[in-house]
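Line by line, the protein sequences are chains A and B.
If you read the first sequence in numbering that gives the first Met the number 0, its first letter stands for residue 0, the second for the next number, and so on.
If you read the second sequence in numbering that gives the first Met the number 0, its first letter stands for residue 0, the second for the next number, and so on.
Since the hints were made in silico from the structure, they are not lab data.
All the pointers check out, no bait thrown in.
Any copy will do: because identical chains look the same in the list, a pair fits if it lies in one copy or spans two.
In silico SDA-like links for lysine to any residue, alpha-carbon gap of 20 Å or less:
| id | residue 1 | residue 2 |
| --- | --- | --- |
| 1 | K232 | F154 |
| 2 | K232 | R92 |
| 3 | K232 | T32 |
| 4 | K232 | A153 |
| 5 | K232 | D93 |
| 6 | K195 | D286 |
| 7 | K195 | R289 |
| 8 | K232 | H10 |
| 9 | K232 | L7 |
| 10 | K232 | E9 |
| 11 | K232 | G8 |
The structure displayed is predicted, hence computed values, not measured ones.
Number of protein chains: 2
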Amino acid sequence: MVVLNVDLGEHSYPIHVGGGLLREAELLGSHITSSEVMVVTNETVAPLYLDTLLGCLSGYQVTCQALPDGEQYKSLETLAGLFDTLLAATCSRDTTLIALGGGVVGDIAGFAAACYQRGIRFIQVPTTLLAQVDSAVGGKTAVNHPLGKNMIGAFYQPACVFADTDTLLTLAPRQLAAGIAEVVKYGLIRDSSFFKWLEDHMTRLLARDQDALQHAVIESCRHKAAVVAVDEKETGERALLNLGHTFGHAIEAALGYGVWLHGEAVATGMVMAATMSQRLGWLDAVDVQRIRDLLTTAGLPVDPPAALTVANCLEHMAVDKKVTAGRVRLVLLEEIGQARLVSDYPDALLHEVLAGST
Amino acid sequence: MVVLNVDLGEHSYPIHVGGGLLREAELLGSHITSSEVMVVTNETVAPLYLDTLLGCLSGYQVTCQALPDGEQYKSLETLAGLFDTLLAATCSRDTTLIALGGGVVGDIAGFAAACYQRGIRFIQVPTTLLAQVDSAVGGKTAVNHPLGKNMIGAFYQPACVFADTDTLLTLAPRQLAAGIAEVVKYGLIRDSSFFKWLEDHMTRLLARDQDALQHAVIESCRHKAAVVAVDEKETGERALLNLGHTFGHAIEAALGYGVWLHGEAVATGMVMAATMSQRLGWLDAVDVQRIRDLLTTAGLPVDPPAALTVANCLEHMAVDKKVTAGRVRLVLLEEIGQARLVSDYPDALLHEVLAGST
Chain A
0 MVVLNVDLGE
10 HSYPIHVGGG
20 LLREAELLGS
30 HITSSEVMVV
40 TNETVAPLYL
50 DTLLGCLSGY
60 QVTCQALPDG
70 EQYKSLETLA
80 GLFDTLLAAT
90 CSRDTTLIAL
100 GGGVVGDIAG
110 FAAACYQRGI
120 RFIQVPTTLL
130 AQVDSAVGGK
140 TAVNHPLGKN
150 MIGAFYQPAC
160 VFADTDTLLT
170 LAPRQLAAGI
180 AEVVKYGLIR
190 DSSFFKWLED
200 HMTRLLARDQ
210 DALQHAVIES
220 CRHKAAVVAV
230 DEKETGERAL
240 LNLGHTFGHA
250 IEAALGYGVW
260 LHGEAVATGM
270 VMAATMSQRL
280 GWLDAVDVQR
290 IRDLLTTAGL
300 PVDPPAALTV
310 ANCLEHMAVD
320 KKVTAGRVRL
330 VLLEEIGQAR
340 LVSDYPDALL
350 HEVLAGST
Chain B
0 MVVLNVDLGE
10 HSYPIHVGGG
20 LLREAELLGS
30 HITSSEVMVV
40 TNETVAPLYL
50 DTLLGCLSGY
60 QVTCQALPDG
70 EQYKSLETLA
80 GLFDTLLAAT
90 CSRDTTLIAL
100 GGGVVGDIAG
110 FAAACYQRGI
120 RFIQVPTTLL
130 AQVDSAVGGK
140 TAVNHPLGKN
150 MIGAFYQPAC
160 VFADTDTLLT
170 LAPRQLAAGI
180 AEVVKYGLIR
190 DSSFFKWLED
200 HMTRLLARDQ
210 DALQHAVIES
220 CRHKAAVVAV
230 DEKETGERAL
240 LNLGHTFGHA
250 IEAALGYGVW
260 LHGEAVATGM
270 VMAATMSQRL
280 GWLDAVDVQR
290 IRDLLTTAGL
300 PVDPPAALTV
310 ANCLEHMAVD
320 KKVTAGRVRL
330 VLLEEIGQAR
340 LVSDYPDALL
350 HEVLAGST
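If we strip away everything but chain A, and leave its shape as in the complex, we get (with noise of 0.2 Å):
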């Protein structure tokens, strides 16, 4: 196991990564102050792994609630259920509540958390590659919006991270690949030397290799802390880890929340901003086809639906958080390894890498 610090003094948390830490009892109850727990899971997560965690948890007087699973349940009426459950278990403000799935999962009951009686101890399980290597660590918690994509939310950081990665070999193909595009995110904007090695391990990441993913997580949430630790509140570094967010957020709002997995909408908003890079003379066409590559190796799309047109791309991208002083802010890439974040760039450009940038 190895164990990795988010540095946020006073709200400093560890990250716990490797192969069976959901059966350690007793390192888990070390992060738990209370006699109250509520796990929030997921109706495909509960029969694979809820008795496991159970079992950690016998002597605490445990309240679970299964949610639907899908992007689309990550609503403040799914929000309000969990609400109602707290409410109606008499949970205190001591209790802890623990979030087991990915990162919908996560993000919800880390936003329940931040919000039931004003803030409770809050502690995430991840088990998805998506929720282990990006959304269960930096304390970022939202629901959507029928406008758009985690509108609603806080900044709420967790006590500690527990992320097993045994939970990845019964991942779905699509949900593994989908937190690989998170993976590769990484590589993108911060190190080379990793997307070099991403190139050289797909294959062995995708057939479930125990080591390679370990490194995968360990790699990508030592990046994340790095970033969080000198900009928890998203005012400057952190929005580079939005690389293909915004482009992804409008594919998703666009195609309606579970249609394509967030990944999937990242993966595509990557080459997008990867394209745009390589019009604005940054990028050279090897590198875009390299990232192109890359994801399309992961089992990625790489190209926009054919249902999403300019005009309806620019509106949801028009209600992105990363709109400032009217201009969407876009996260492109100088080279493989180095992102920045730029406001200024022409308009008909990106109509054009709206309108089919292969």
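Please build the complex by placing chain B on the supplied structure of chain A, with the hints as guidance.
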């Protein structure tokens, strides 16, 4: 005009108190850092003060929403409506949200500001005495749940508070009295000489003498700011500000929100706390009578509603945020001007007080 400071490090902010503040466009503008402004008010306050406030906001891109008036609308449903408005107006993360109204408007608008795009800038313009002396200061925001008051919320500090005491001239007498309950609270928990001043000046306060009102608002804000500065997240001393609130919340929840005003329930709750303090041998009968008399002079109820049963009350107290390790913590009085947080009281005594303490 008097300026007080809430000292919270990088989250410090000023409270402006005085007459005519709603016309101080330059002062207000100095606290707005964006071109986009969203004003949240209610249907009672809007006809009285919205135009005046908007007079300060020419040159900004302003969206307004007037909520229905009343505690029963401090709900997740109303909150969702605010998010709809913010998103329909494509308000960005740079938007400044202004709450113009009483405690309900401030609490719900503040919580909307805390959650929208994970937090936008927020200004409190309280127009009721209760909001000016209590709810607009200190960063507690929330909505109610059918099973408990203020159960869903955030600690989220405003960028400034604008308390225009002229707005108290149009306040309904019942609303004025409700605010006085919170003013009396500061005397009871922290300042016996201020309690004495209130005994001497209650008639002038009820006659809306501007000097008396301003003194009451300033002294109350001074106390609130001092308490919040040492304990923003209510891990200690701040809990003393809840004198009368645990009983009061149970009254409000049991009757249904909006039947009794919050301040009315707090007034009765403070008398219940005083009675329990007397039974514990702390407060003497003369002081309990002084408290009853002062609140009665202010036009406030001092006895629980006949419809409130002990069982009903205990049920609602059990989900109150002041529950720790299964015990309801109560704020009681050692003497007028000196409060204390208590968990180790005899249950039988609590039941007696709930059964009717007069």
